[in-house]
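S.K.: Residue numbers (this note's numbering): 2 to 318.
Hints listed in this document are in silico derivations from the structure and should not be mistaken for laboratory results.
Some clues are possibly wrong.
[Said to hold, decoys possible] Straight-line C-alpha distance at most 30 Å; calculated DSSO-like pairs for lysine-lysine:
1. LYS295 <-> LYS316
2. LYS82 <-> LYS231
3. LYS140 <-> LYS155
4. LYS140 <-> LYS230
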Amino acid sequence: MNVFTELAWRGLVHQATAENLQAVLETDKMPMYIGFDPTATSLHAGSLIPLMALRHFRRCGHQVIVLIGGATGLIGDPSGKSEERVLETIDTVRARGEAMRRQIEGFVGQGDGPPPRFVNNIDWLGEFRLLDFLRDIGKHFSVNEMINKDSVRKRFDKEGGGISYTEFTYMLLQAADFLELYRRHGCKIQCGASDQWGNICEGIELIRRIERGQGYGLTMPLLTNSEGKKMGKSEKGAIWLDSKQTSPYAFYQFWVNMADADVGRFLRWFTLLDEPTIKDLEAKVGTGERIAQKALAQEVTALVHGDQEMSNAKKAS
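With the sequences and hints as input, model every part of the structure.
M.R.: Here it is, written out as structure tokens:
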């Protein structure tokens, strides 16, 4: 099964750095990676998009690499942020990273395919000396190009805002991650949300310049509703994947209450159901019985919390 084809019909391909990526993935089961910065002790509903991408790559026979940002989590990614992040302590980021790894292991470790590999970028970025980093990595970046990246430009244009040198260098760190995984594990493709496009492209360029190698990038859409508004939150706050922060029952209800306009798209994004089954469910949208929403809630809750918790939530509702 071609993972690009699978992701495409599910609507999980936003952009690809090469027009022939689908053909490349037809013959090359290249290792891929997605990075997660430990900004909280739990992932949230929006995190399901990269988690599902990992599941699809793995079941299509690819070695998936999960990068925990023990180093980049200390810096803060400016992508999608209008303000500077509050810097966290090393102990806080380490504890969050360990909790996040356990959560991702429980999700991505299910199903068929090569066992996922976990890495932490503190292992190499934490060893860099400043002068070595500036000479070996920084020399390959143009400040002119960096300023024109959307994540940076928006901060420059905001009156009274701006961006610190710390967050300005984030894209160098992410590019260095891609280069390191290319060297260590033969990783040739990085996936991420659509707001990571600029960072991913910089990593590909760094691999080309230093190793004369070929890297690829693929981005996925952000979690938004049919009106284009970001989702993943309810009136009570974020929808967390940790059962202690959002109960399986509340998690189940979040998906049962999904709008008719969104349920078909989310059945493609957040379940492993095949296309005929999803189309059959879509045909029943708006009948008043919320059959499609209930199927979505059951599938997603089972993936995140297991069959027993899903069954309990279903009974309780």
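S.K.: Now look at each hint and say whether the structure bears it out.
M.R.: Status of each hint after checking the structure:
For the given pair, LYS295 sits about 12 Å from LYS316 by alpha-carbon distance, which is consistent with the 30 Å threshold. A C-alpha spacing of about 13 Å is found between LYS82 and LYS231, which places the hinted pair at or below 30 Å, so the restraint holds. For the proposed pair LYS140 and LYS155, the alpha carbon gap of about 24 Å is at most 30 Å, so the pair holds. Between LYS140 and LYS230 the alpha-carbon distance is near 39 Å, which puts this suggested pair outside the 30 Å criterion.
When each numbered hint is compared with the structure, a violation occurs for hint 4 only.
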